[in-house]
Structure formats: C-alpha cells, structure tokens
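Q: Spelled out, the chains give:
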Amino acid sequence: MKNDVNINKLKRFAADIRIETIKMFATAGYGHIGGSMSIADVLAVLYGEVMRIDPINPDWEDRDRFVLSKGHSGPGLYAALALKGYFPIEELKTLNKGGTKLPSHCDRLRTPGIDMTTGSLGQGVSTAIGLAVGSRLKGLDSYTYLVIGDGEMQEGQVWEGAGFAAHHKLDNLIAFVDHNKKQLDGPVEDICRSFDIQGKFESFGWHGQTVKGYDVREIYEAICIAKKQRGRPAMIVLDTVKGKGCSFAEFADFNHYMVINDEMAADAIRVIEESLKPVEE
Amino acid sequence: MIYVAKEHKEETIALRDAHCDALIAEAERNPAILSVDADVMNSLGTLRFHKRFPERGINCGIQEANAVGISAGLSTMGFIPFFHTFSVFASRRVYDQVFLSCAYNGANVKIIGGDAGVTTAVNGGTHMPFEDMGIMRNIPGMTVLEPSDSTMLKSLVPQMASRYGNFFMRMCRKSVMKIYEESSSFEIGKAAVLKDGEDVTIIANGIMVYEALKAHEMLKEKGVSSRVVDMFTLKPIDRACIVQSAKKTGAIVSVENHNIFNGLGSAVAEVLAEEYPAPLERLGIRDKFGEVGSQDYLMDKFKLRAEEICRLAYKAIQRKPRR
Chain A
1 MKNDVNINKL KRFAADIRIE TIKMFATAGY GHIGGSMSIA DVLAVLYGEV
51 MRIDPINPDW EDRDRFVLSK GHSGPGLYAA LALKGYFPIE ELKTLNKGGT
101 KLPSHCDRLR TPGIDMTTGS LGQGVSTAIG LAVGSRLKGL DSYTYLVIGD
151 GEMQEGQVWE GAGFAAHHKL DNLIAFVDHN KKQLDGPVED ICRSFDIQGK
201 FESFGWHGQT VKGYDVREIY EAICIAKKQR GRPAMIVLDT VKGKGCSFAE
251 FADFNHYMVI NDEMAADAIR VIEESLKPVE E
Chain B
1001 MIYVAKEHKE ETIALRDAHC DALIAEAERN PAILSVDADV MNSLGTLRFH
1051 KRFPERGINC GIQEANAVGI SAGLSTMGFI PFFHTFSVFA SRRVYDQVFL
1101 SCAYNGANVK IIGGDAGVTT AVNGGTHMPF EDMGIMRNIP GMTVLEPSDS
1151 TMLKSLVPQM ASRYGNFFMR MCRKSVMKIY EESSSFEIGK AAVLKDGEDV
1201 TIIANGIMVY EALKAHEMLK EKGVSSRVVD MFTLKPIDRA CIVQSAKKTG
1251 AIVSVENHNI FNGLGSAVAE VLAEEYPAPL ERLGIRDKFG EVGSQDYLMD
1301 KFKLRAEEIC RLAYKAIQRK PRR
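Those sequence lines, one after another, are chains A and B.
Sequence positions in the first sequence follow the working numbering and run 1 to 281.
Sequence positions in the second sequence follow the working numbering and run 1001 to 1323.
Rather than coming from a laboratory, the hints here were simulated on the basis of the structure.
Where a beta carbon is used, it is the ideal one built from N, C-alpha and C, also for glycine.
Treat the hints with care, since some could be wrong.
[Unchecked claim] Sample of chain B residues at the chain A side, in silico, Cβ under 10 Å: (1) A1065; (2) N1066; (3) A1067; (4) G1069; (5) I1070; (6) G1073; (7) T1076; (8) P1081; (9) D1096; (10) V1193; (11) V1243.
[Claimed, not checked] Below, simulated EDC-like cross-link-like pairs (lysine to aspartate or glutamate); rule was C-alpha separation at most 20 Å, straight line: (12) B/K1247 <-> B/D1199; (13) A/K138 <-> B/E1028; (14) A/K181 <-> A/E221; (15) A/K169 <-> B/E1055; (16) A/K138 <-> B/E1055; (17) B/K1214 <-> B/E1181; (18) A/K227 <-> A/D171; (19) A/K212 <-> A/E202; (20) A/K138 <-> B/E1026; (21) B/K1174 <-> B/D1039; (22) B/K1320 <-> B/D1196; (23) B/K1220 <-> B/E1198.
This is chain B alone, in the form it adopts within the complex (with noise of 0.2 Å):
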C-alpha cells in the first residue's frame, strides 16, 4: 500500500544515509549480504557499514571493473554482494562485466549508482550520468531502479537483497523531497499511482515524480485532471499499468532525469506502440552531455521543471484524436 504524504517538503535524512540504514537492517538479519565499495564510500555513504560489519565490507580501491568480477565470484559463492560507485562507474565504464561477468553469468549482485542524472551538479559532464538506466535496461534479465524518496528506497532494499538476480538502482546521495508516508510499501515491477486524473497521466521517477505532483496541481487550477504515476521500476515495467493509464486519459507525458532515449520515454513508447497507441510526449534529456551547475540551474537548463511537464500536458491533450 502507498500513502501519499500529506505536506511535501525536503526530507531531513540524505538518501545515501536511508540506503546505508536499510542495508545494515538487511545485513544484521541476512549473513551473505556484502558492501563492495570503490573509494567512494564516503560520498555514497556505506562507511556505517564497513564499520558494522569490518568482514563484510570490501573496499576495492579505484577498480569499479575488478569490484564487479570479484562481486559476481563472490555471489557464486551465496554471498549477496552490494556494489556501490558513481552511476558513471556503476554503468559505462563497466558494462561488459556487469554484461558478462554478473548478467550473463548467472550472478546475483546488486549495483548501487550514487548521483543520478543532474544531482550529480557540480561533479560536473564528466561524472553525470544521462545514459546509466539505458545502459542496463538493455541486459538481458537485468531489474532496473530508480526510488523518489527514502521510505521507497527502504522497501526496495530488502527486495533486491531476497530476489535473486541482478539488480541497478540508481540513486541521488543527498537529500530529496518526501513523496511518501513512512508506512508506504512498494512492490518491485508495480507502479505507484499518487493522483487519478482523466485527462492526462504524467508518468515520472526519481526526483521528478516531485515536479509530477507539482504539475498536477498547477494543471488542476487550470481545470485538467492529471493521474501522477512512479514508475520506480523501469525494468521490469509495469505494462498494465501504462496501458490502464493510456485507456482512462488518452494522453501521456513521460518526465525522467535521463536521456529520452532508451531511458523511461523509450520504454513507455514501447508499450504504448505495442499495446494502445495514444498520443505521448517526452520531457528529459534530449540527447545531451551533462554541464557542471546547480541542480537548481541544471533542471532549468534542461527544462526538468514542472511548468514544462504541463506545457507537454497541454500538447499531449491537444494531440488526442477528435471523436
């Protein structure tokens, strides 16, 4: 069950510090969980880990491609390894072997890619990431995540750490703002609807289902009705959900801090070209570098905000078909 929170503001917990909590909670109960770690433990902060569990924590050093083989062995061997690194590292610079050594092979390891999109700000182009959820989508048996707020983050920990397979979350480390009550639960593969609308549904994840519901209500005073979906999982996508979606409102923006490519708007078009075509507009990165900044200039710079999400509502609304 989900329970929208009632005020939405930032929360006073960092995401970093929600995952470190959830993964020593699942450690403390479960044994063969791991932390591998990359030289970035103090920027993604799993430091309480290693500290709790001084065997269990594996610090590889500065080799992201070394920390994934050692990972996929280790899981071999019963062991639940959690790799955590920048979504850069997590992703690119290491995908033929979370390919092979961990997809391919059978493994069970669960990747963590700290900074997502443009909350990785002032790291800078060379450290943003726009192409990780793409990158992993596109391997084969692959689950891919990415929470809006900290009490999803901890309901899909315990998920990934009981699931086998292997699994990408993509996260930001700082902190974001509450989408959720405390007592809400999420299931892996099962979209979250926050609002029901008729005549638009603004599909969002991560830090953008925030602008989603702001859209909503600046669409509600203008007399639209807007259905506000988290789609968390990006893979597996919850199909029935977007279908349902496309049958009640007839019109769709997708709204992701990635590439509109092979990211949220891909999957989404995927589904809706294959099952109930309907109009749908895509609002994200359009096939750009990431630039150094502000999250505060850079989800402006990128139009990530939510008077662009209703500027492609109204597009998305005018393109439904006349009856």
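Chain A with its partners taken away, still in its complex shape (with noise of 0.2 Å):
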C-alpha cells in the first residue's frame, strides 16, 4: 500500500459518483437514491485507489474482483466505472430503459466491470465468496471485495456465508457492511436490530474494524489494515448516512427509493459542488 495516496482526489471521485448517479436517477425519474449515495465513498477508494483492474480489460484474470451484494444500489457502482472508463459516461442515461446495458440491479452478463449478478439479498456473499475461493485454487493473488447491505444482514445467507469464510481462512475476502441504518420500510432499529455487527463478524472468526463510511482516509486505512490479515477474512462496518452528501435525500425519512426531478438534482449537484471548495483550493 502506498503512503502517498491522494485524500483530495478521492473526495473528488466520491463526489463525480454522487453527481453522476443524481444525474442517472434525474434522468430516468427515480430510483435507488439512499443506498448508492451511502456507497460512494467506498465505491471511490476501491475504484480510484485500492482496486487492480484494467477498464480496457474487464476480464482480466489477474484483477479484483468486487460483488455488490446489495445489488439494488447498482447505479451508484455503474457511475464509479463509467467514470473509471468502462463504457462511456452518455450511457449512464440510458439506465433502466428497454434493451440498456444498465439494470436497476447489477447484472454480470450485461454491463461491462459487473463482476456479478445480484439483486436477491443475501446471495452476492456467497457468489463472493465463490470468486476468493475460485482465486485461491488458481494461485491468484487477487482480492475479492464485496459490499452488503445493514438490511440485508437480516438475510440467513449472509451467515451462512459469514461462517464459510471464516472456517476456510479466506483472507483474500475484504467485506463493507454499508450500516446506512434504513432498510426499504424504515429504520433497521425499528425492524429488525443489527446489534454489534462488527462483534457479530468477530464472533464469527473474522477480523473486524467499523470506521466513518464516508471518511475516505479512514475508508482506506481499513484496507490497509483488512489487507496485512493472515487466514481470516475482514470485514469493515462502514458507518455511513443514506442518501449522505445528496441535499433532497440525506434528510429525508423514506429515502430507500425517490422520485426525482431535474431541479432537485441541479440543487443536489450545486450542494456538492459548493461542499468540495474547501477540498480543492
């Protein structure tokens, strides 16, 4: 890992994710606001600094490999690789319309740099967990990395898994528990309670830190520490907002799914924008 990584330039991509994403919606009416923006921030460090990847070559044996288990927050992923140069930026528009690349859920055999179809709770951690073991018996040295959802944690599967990983020292597994603390239907506390999830994967055998989900250093320190573990998978709980750093969103109660128009999108942008300038003068 190196010292020198570029915090600003990070802050930049989480906030080009964010615009791109508020576009996309923008442009289709509605969609999955709350979750993508929770996400953005460990969509950039992953996709800006941490990742070995070739957007040129998106099946390259060789590079990571990352699972959005919560697949309904595919925009927000599908922004980070336009952005990165997978497909071009235009096609971002066409999201959700007949015949595009772009799925409201990540779909593998459709959009180039989607490492895996998801979009049933709860199954991405298996199929994660899937790639790890697959690079294992190639002799990979690849990471796989894989994001679920703190509602999805009420999922069977996602233990299921939890304790596969463990057993079989799967320490080439980096795991983000987006802890957005709402689920479709309101509060997770008020649904069904994550309790300590970090606690919850130590339990299980896995090494285990919570940082600010929207700190991109602290996001990238975790790596750093997830990477240097032997034998057990990690897991990082990122304790972020959902719809954080989206000015319609952010504060609204039901923000799981909007619809959304382009003057609250234009507001939106211009909030981020205007929140950046400290970063970049």
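Build the complex from these two chains, which are given one at a time in their own frames, with help from the hints.
A: If you want it as structure tokens, here you go:
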C-alpha cells in the first residue's frame, strides 16, 4: 500500500460518483438513491485507489473483483465504472430503459465491469466467496471485495457465508457492511435490530473494524489493515448515512427509493460542488 | 447407440458409486471439475472424490443456499462445480439461489439431487421429492435429467461437464434395475426407444423405465403391441420422438416417479397439445406428499407399477378416435 494516497482526488471521485448517480436518477425520474449515496465513498476508494483493475480489459483474470450484494445500489457502481472508463458516461442516461446495459440491479452479463449478478439479497455473499475460493484455487493473488447492506444482514444466507469464509480462512476476501441504518420500510432499528455488527462478524472468526463510511481516508486505512490479515476474512463496517451528500435525500425519512426531477438534481449537484470547494482550494 | 440389456436384474453397483466413478474419471481429464457438497457426502457417495482430489472437494456443511452461490461464483472463475445434496434441498430449498445466482447469472453449475421420489423410502415425506424436476423445468435454460441405470448415468456425466450451462440431474443413491448393456451411449435431449410397437407408447423415466418394460411384456401376452421410450431428458424434451410416437401408436401413457404436475406427464401433454393431439394417460403422483415406508410399499401405495401402466394403456387405446 502506498503512503502517498491522494485523499483530495478520492474525495473528488466520490463527489463525481454522487453527481453522476443523481443525474442518472433524474433522467430516469426515480431510483434507489439512498443506498447509492451511502456507498459512494467506498466505491471511490476501491475503484479510485485500491483495486487492481483494467477498464479496457474488464475480464482480466488477475484483476481484483467486486460484488455489490446490495444490488439495488447498482446505479452508484455504474457511475464509478463509467468514470473509470469501462463504458461511455453517456450510457448512464440509459438506466432502466428497454435494451439498456444498465439495469436497476447489477447484471454480470450486461454491464462491462460488473463481476457478479446480484439483486436477491444475501446471494452476493456466497457468490463473492466463490470468487475468493476460485482465486485461491487458481493461485491468483487477487482480492475479492464485497459490499452488503445492514438491512441485508437480516438474510440468513449472509451468516452461512460468514461461517464458511472464516472456516476456510479466506484472507483474500474483504467485506464491507454499508451501515446506513435504513431499509425499505424504515429504520433498521425499528424493523430488526443489527446489534453489534463488528462483534457479530468477529465472533464468526473475522477480523473486524468500524470506520466513518463517508471518510475516504478512514476507509483507505482500514483496507490497508484488512490486507495485512492472514488466515481470516476482514469485515469493515462503514458507519454511513443513507442518502449522504445528496441534499434532497439525506434528511428525508424515506430515501430508499425516491422520485427525482431535474430541479432536485441541479440543487443537489450545486450543494455537492460547494462542499468540495474547501478541498479543492 | 443404445443396446437394451438381454436380462434386467438389479445392478451390482449403486448409482451413487457409478456417479462418483464417472465424476472422478472426468476430473482426471479436466482440472476444472470440482465437487461441492453439503454434509451428505457419505450418503451420496462423493467422499471418494474428496479423497482423490482434496483441493477440489469443498464440503460447505449444512448450508445449501451458500453452497449453490459458491458454486455459481466458482463457475464464473472457469471452474465446473458439481453440487450434491438430497434432491429436496437441491431444488425447493435453494430455488431462488439456483434461479438467480446460477441461471440468471449465466453460470455453469451441475446440480445432482440424490434420492428420487419414492426411492427416498424410509427418510419419509419430509425428504421425498415429487416436485424437484418440475421446479427445475421452470427455470429458463436449465437442462433437467433423470437417468434410468448406471450405464446411462455414466454416459450423461461427461456431457454435463463438457456442455456449458446449468444442469439438474436427479438420481437414486442405491442400485437400480439394469436397463442397458454397458456399450450403450446416450445423447442429452434424444430419447431412447427401447421397444417398438403399434398400439400404444409408454414414455417413462428413472426407475419407472423398468416398470414400463415389464408392462410391455404383460401387454404383449394380451396381444397389445407397445412402444417404450426412456425420456431421460425432461428438458429440453425430445419433441420429435413424442410426435413420432403419437403418429405411430395413436395413444400415450406417461409414467413418472414424480408429481404429474409439471413433470414428465405435463411435458408430454404440452407437446401433444401443441403438435399432435392424441389420447394421453398420466401415471405419477397425483398431487400428494410423500410418506415413510419401504420403496416397495410406496410403489404399491402410489400405483407406480406395471399393472397400473397396463390399465392406463388399455384406457388410452380405448380413447383413440374411431375410424
């Protein structure tokens, strides 16, 4: 890991992911805004700095792989992929339109750079483990990165995977929980409490950390620590805010899925640009 | 080419051992083949694979959903996982995982469901799949198989390994009646015609092929000529064979160790209705759950017997339109 990571560059990348995602949803008229915003920073760190990838050659065998198990946040990932050059930015306007390469939920067969099809919650945990086991069997030194939602942890399959990954000592698997405290019907605390997320994974045999999930430096440093673990998978709990950084979503009660117009988008983008000024000056 | 055995007696090899032999033989040639299991390796006979290839055998423990997902992930890395568990768990317990992580995801996973229908016997109703083939038939692109003896099973395993895509194969774990000579070979999607006849066609799969052959002899004694078809590929079903059989004999009996809904009887009915309507009688489980008992007891109870095939054959023949 490099020590000279450019934090301002990552903040700019995270802002651009948010901006392109908001534009995409405004064009579509609606979308899963909350969960796409809360993963913008981890996407910026992974695709902007950490992951070994080649956007020109998305099927490169030696690449690191990424599974967005909370597949409904696919649009945030599409923004990151387009900004990295996997496909033209203009394609983002085709989100959810008939024949698009960019469906609401991640689809490996349609979108360059998407490593796994997801959308039925819990399943991405297992498929990511398959990638990590496969990398090990092939003798690759690739990492598999996995993002799951805090509501998604209510799915039993997550815990089947948690047990397997620890038992099989998958130290090439680094997972994140996007702990944004909200699920479709409301606060996670009201529906099915998460309790101690880091502690749960630690009790399964994982290395655990919790960081500010919208602080790119903290995320980056946590990944550096996770990569030093030997003989166990690593969990990084991202303490996030659903809708983070999007003016109309961040403070809305129900922001899992919202109707979004051009005016809302323009205002949100203006606020993001203003928030970056101290960074860029 | 198929060669029907001169004598039909119980095979000396259990199907689970025939499967493991075939899988090991394939794996010796192809390093991509893996065995993924879920704590029933002893029951389904895959333990020898894990001993022969310790790196390539993955026992997930009692977590079928995770095992299916891991298999799907491994297949996108170029591996060819064969996932084994009891057929109830390989189908209904993991339906969404098979549908999404395997099929929709364009994966390459081979699912082997052990203990077909009444062969579950003393494991009872909780473990007795009468719906597994139907569940799998409903998934786009899924190939669904049920071999009738060890010779056929050994011919199917290499084809499953070499053809890209998701497969479901249901099998009995114990020995079954020998149907074919060892020199026979089969092609997925092409039904095997064991006996030719004029008056009625019996289309069966799995353990019911032997009962169909018995019925053929019983009918012959009564002067009725029957054609016997082993429809071991439920999907994609051999439409041409069904149409040709209907044209030739004018009456059909379908026979399955499975619910008549969405299994072989449904598949045959669909083809007949669309292409060449002819009287069809369906023998199978008529929308009932399984229950505990010996295989013989259950076959009697659910009338999965040659005598019932004969009764339905006469009925189908009687329903032929008068000329």
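Q: Taking the numbered hints from earlier one at a time, note which ones the structure violates and give those numbers from smallest to largest.
A: 10, 11 and 14
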